[in-house]
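Number of protein chains: 2
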Amino acid sequence: MRIGIYGFGSIGRLVAREAVKRGWEIVGAIDIDEKIIGKDIGEILGFEEKYGVVVSRDVEELIDADVVVHATSSYLDKVYDQILSLVRLGIDTVSTCETLSYPYYRYPVLARKLNEEALRYGVTVLGTGINPGFLLDTLPIVLTAPFNIVEKIVAKRSLDASKRRKSFVEKIGIGMDPEEYMKALREGKLTGHVGYAESVYLIADAAGIHLDKVEERQEPIIADKDMIIGEFKVRKGEVIGIKGYGTGYKNRKEIIRLEFHAYLGAKEYEEIMVIGTDYEVRWRSTGTPGDQGTVAVVLNIANIINDLSPGLLLMTDIIPFKPFFKH
Amino acid sequence: MRIGIYGFGSIGRLVAREAVKRGWEIVGAIDIDEKIIGKDIGEILGFEEKYGVVVSRDVEELIDADVVVHATSSYLDKVYDQILSLVRLGIDTVSTCETLSYPYYRYPVLARKLNEEALRYGVTVLGTGINPGFLLDTLPIVLTAPFNIVEKIVAKRSLDASKRRKSFVEKIGIGMDPEEYMKALREGKLTGHVGYAESVYLIADAAGIHLDKVEERQEPIIADKDMIIGEFKVRKGEVIGIKGYGTGYKNRKEIIRLEFHAYLGAKEYEEIMVIGTDYEVRWRSTGTPGDQGTVAVVLNIANIINDLSPGLLLMTDIIPFKPFFKH
Numbered sequence: 001m002r003i004g005i006y007g008f009g010s011i012g013r014l015v016a017r018e019a020v021k022r023g024w025e026i027v028g029a030i031d032i033d034e035k036i037i038g039k040d041i042g043e044i045l046g047f048e049e050k051y052g053v054v055v056s057r058d059v060e061e062l063i064d065a066d067v068v069v070h071a072t073s074s075y076l077d078k079v080y081d082q083i084l085s086l087v088r089l090g091i092d093t094v095s096t097c098e099t100l101s102y103p104y105y106r107y108p109v110l111a112r113k114l115n116e117e118a119l120r121y122g123v124t125v126l127g128t129g130i131n132p133g134f135l136l137d138t139l140p141i142v143l144t145a146p147f148n149i150v151e152k153i154v155a156k157r158s159l160d161a162s163k164r165r166k167s168f169v170e171k172i173g174i175g176m177d178p179e180e181y182m183k184a185l186r187e188g189k190l191t192g193h194v195g196y197a198e199s200v201y202l203i204a205d206a207a208g209i210h211l212d213k214v215e216e217r218q219e220p221i222i223a224d225k226d227m228i229i230g231e232f233k234v235r236k237g238e239v240i241g242i243k244g245y246g247t248g249y250k251n252r253k254e255i256i257r258l259e260f261h262a263y264l265g266a267k268e269y270e271e272i273m274v275i276g277t278d279y280e281v282r283w284r285s286t287g288t289p290g291d292q293g294t295v296a297v298v299l300n301i302a303n304i305i306n307d308l309s310p311g312l313l314l315m316t317d318i319i320p321f322k323p324f325f326k327h
Numbered sequence: 001m002r003i004g005i006y007g008f009g010s011i012g013r014l015v016a017r018e019a020v021k022r023g024w025e026i027v028g029a030i031d032i033d034e035k036i037i038g039k040d041i042g043e044i045l046g047f048e049e050k051y052g053v054v055v056s057r058d059v060e061e062l063i064d065a066d067v068v069v070h071a072t073s074s075y076l077d078k079v080y081d082q083i084l085s086l087v088r089l090g091i092d093t094v095s096t097c098e099t100l101s102y103p104y105y106r107y108p109v110l111a112r113k114l115n116e117e118a119l120r121y122g123v124t125v126l127g128t129g130i131n132p133g134f135l136l137d138t139l140p141i142v143l144t145a146p147f148n149i150v151e152k153i154v155a156k157r158s159l160d161a162s163k164r165r166k167s168f169v170e171k172i173g174i175g176m177d178p179e180e181y182m183k184a185l186r187e188g189k190l191t192g193h194v195g196y197a198e199s200v201y202l203i204a205d206a207a208g209i210h211l212d213k214v215e216e217r218q219e220p221i222i223a224d225k226d227m228i229i230g231e232f233k234v235r236k237g238e239v240i241g242i243k244g245y246g247t248g249y250k251n252r253k254e255i256i257r258l259e260f261h262a263y264l265g266a267k268e269y270e271e272i273m274v275i276g277t278d279y280e281v282r283w284r285s286t287g288t289p290g291d292q293g294t295v296a297v298v299l300n301i302a303n304i305i306n307d308l309s310p311g312l313l314l315m316t317d318i319i320p321f322k323p324f325f326k327h
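From first to last, the protein sequence lines are chains R and H. Residue 213 in my numbering sits at position 213 of the first sequence, with consecutive numbering throughout. Residue 281 in my numbering sits at position 281 of the second sequence, with consecutive numbering throughout.
Because the hints were derived from the structure by calculation, they are not lab data. All residues carry an ideal CB built from backbone N, CA and C; glycine is no exception. Take the hints with a grain of salt, since some may be wrong.
Only some residues are given here: those of chain H computed to face chain R with a beta carbon under 7 Å [unchecked claim]:
1. Glu18
2. Phe147
3. Gln218
4. Ile221
5. Gly244
6. Tyr245
7. Ser285
8. Thr286
9. Ala296
10. Ile304
The calculated DSSO-like cross-link candidates involving lysine-lysine, where the alpha carbons are at most 27 Å apart (straight line), are [claimed, not checked]:
11. H:Lys267 / H:Lys243
12. H:Lys250 / R:Lys21
13. R:Lys322 / H:Lys225
14. R:Lys156 / H:Lys322
15. R:Lys152 / H:Lys21
16. H:Lys152 / R:Lys163
17. H:Lys21 / R:Lys326
18. R:Lys21 / H:Lys21
19. H:Lys21 / R:Lys253
20. R:Lys152 / H:Lys163
21. R:Lys163 / R:Lys236
22. R:Lys78 / R:Lys171
23. H:Lys21 / R:Lys322
24. H:Lys156 / R:Lys156
25. H:Lys156 / R:Lys267
26. H:Lys152 / R:Lys267
27. R:Lys243 / R:Lys152
28. H:Lys322 / R:Lys322
29. R:Lys156 / H:Lys267
30. R:Lys156 / R:Lys213
31. H:Lys166 / H:Lys152
32. R:Lys166 / R:Lys183
33. R:Lys250 / H:Lys21
34. R:Lys39 / R:Lys78
35. R:Lys21 / R:Lys39
36. R:Lys236 / R:Lys171
37. H:Lys267 / H:Lys225
38. R:Lys183 / R:Lys233
So that you can see chain R by itself, here it is in the shape it has in the complex (with noise of 0.2 Å):
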């Protein structure tokens, strides 16, 4: 497989370096970043010897990919261009853009033509990721698959955040004033976890289903005492981390709740129940690693997005559980 990545940050380099792992030939980086751009991708991971690939923000430099994963940023609008330029180039593409596991929803006019793009140049582009794309939605519908009729599904994240890299925990607010927390949220300076309304709307997409209301929110999670938990250190009253959660609604119903909890010391794990008319079963996990979890699930669809039909696609195009609501 010959891969192209585009975005050589935190989440690109992590995909190189399992890429390679898994024999994978990188044949191009692009980057906008000054400070890497002509580097060489083996001194930028760390390897012994040079790769033979310089960062670039050419990206024709990618020609030459079987599939690109593209891990730039979370909005759709944002990235727009970029995934347009890979589609003109007829190259397949996984992206970790957040928005993009269903840009119906908050992009509708991008998706349509993003889709269009892509028939058009007879490529295909999907955006996943571990959450949204798998832990709160895919995993979730193929648990349905023993139900002959759904009544409700419930799923949680809950991950520690001193156990993540140093960007996440800026993106969460660790060590803020609540107030300033709030407002940097409000103000967009802040993202906390991007994608809960995406997991409601593939959930409810495979199923079939016209929601009457989606909601998300979001808050800051207090210190409610001075605490050290790993290398944070944080004192009573500032932001430890977030929770929050992202709700489907059907004839006034809450019959889609997906929540996630990030903090510093918070317990890891994910539990996922489903709701069956005549029985419910409950399955819940040691916890699956935020980043490499991303990185592995882009791999694997990556592994086999050349064998599928071209057009914009989302994850529960590709899954053949639809869950069977009755309403």
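Following the hints, position chain H against chain R.
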């Protein structure tokens, strides 16, 4: 959806009930049991009114079905002609036949012929159910999505036989003398669980791995004292259920291990562990009902089978995940 049912025994009847709950139409029901042929299926199912379909021995009664659910026996050689008759009518078929979930292992000649016939008639045939079909094969494969490189997959299902239907209890020999039990197992008079190797092969096939060796073993579990569990009275020394496993080896290492325990009073759960090169994740459930689970998996696949490509398909042909093992 217009559904036909081939085999109106306990599973076929449950299929009928659950299909009706979905609002699907049952267009025909086939069986060889003289006691039910000619009877209205509504009567057999205990509905308040006749349904308007009588059990027939003539497969052509299913001609109007969009899909047929086939539920008669565990062994492909016994049901091959039944499935072929459906294929020749041009009807997509989902079967609960355990060995059809990976027929290339026990019945390679029949599997290839069935695939050829399905392609000739433009029909899709797929064997699935809760186990084999989902819990110990499809689901573990899906759970490898967050792993870049997989080292080993271990999955176990444990169920309380006292909560299962009579025919299952007979199949696993509860109350028998252990020696008599082993003899019956050897002679094929008792089957226990069918499908250990099929699940192992489904995983290996998804991963594209040629296994060096596949093992299956099954043995009785013996009461260590007189017991009363639910409606069951068992004396010390009698069989209270079975345990068994299927394993797959590559380069002399066990890389797939699937266990199944079913005995009176057993705890009910599934547990799936994926061991990657850098981390492992264990998922554990509160337990999935067997018969209802099988029926649900089958109906969920029946719901989409008209959209699949023709041929004899496997569950692994329709899920987009392929565990990446390094060897």
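Here is how each hint holds up against the structure:
no., hint, result
1, Glu18, "4 Å, holds"
2, Phe147, "5 Å, holds"
3, Gln218, "23 Å, violated"
4, Ile221, "24 Å, violated"
5, Gly244, "21 Å, violated"
6, Tyr245, "22 Å, violated"
7, Ser285, "5 Å, holds"
8, Thr286, "5 Å, holds"
9, Ala296, "4 Å, holds"
10, Ile304, "6 Å, holds"
11, H:Lys267 / H:Lys243, "13 Å, holds"
12, H:Lys250 / R:Lys21, "19 Å, holds"
13, R:Lys322 / H:Lys225, "46 Å, violated"
14, R:Lys156 / H:Lys322, "25 Å, holds"
15, R:Lys152 / H:Lys21, "17 Å, holds"
16, H:Lys152 / R:Lys163, "25 Å, holds"
17, H:Lys21 / R:Lys326, "9 Å, holds"
18, R:Lys21 / H:Lys21, "49 Å, violated"
19, H:Lys21 / R:Lys253, "20 Å, holds"
20, R:Lys152 / H:Lys163, "25 Å, holds"
21, R:Lys163 / R:Lys236, "21 Å, holds"
22, R:Lys78 / R:Lys171, "17 Å, holds"
23, H:Lys21 / R:Lys322, "16 Å, holds"
24, H:Lys156 / R:Lys156, "24 Å, holds"
25, H:Lys156 / R:Lys267, "25 Å, holds"
26, H:Lys152 / R:Lys267, "25 Å, holds"
27, R:Lys243 / R:Lys152, "21 Å, holds"
28, H:Lys322 / R:Lys322, "20 Å, holds"
29, R:Lys156 / H:Lys267, "25 Å, holds"
30, R:Lys156 / R:Lys213, "20 Å, holds"
31, H:Lys166 / H:Lys152, "36 Å, violated"
32, R:Lys166 / R:Lys183, "21 Å, holds"
33, R:Lys250 / H:Lys21, "19 Å, holds"
34, R:Lys39 / R:Lys78, "25 Å, holds"
35, R:Lys21 / R:Lys39, "21 Å, holds"
36, R:Lys236 / R:Lys171, "20 Å, holds"
37, H:Lys267 / H:Lys225, "18 Å, holds"
38, R:Lys183 / R:Lys233, "23 Å, holds"
Comparing the model with each earlier hint shows violations of hints 3, 4, 5, 6, 13, 18, 31; every other hint is respected.
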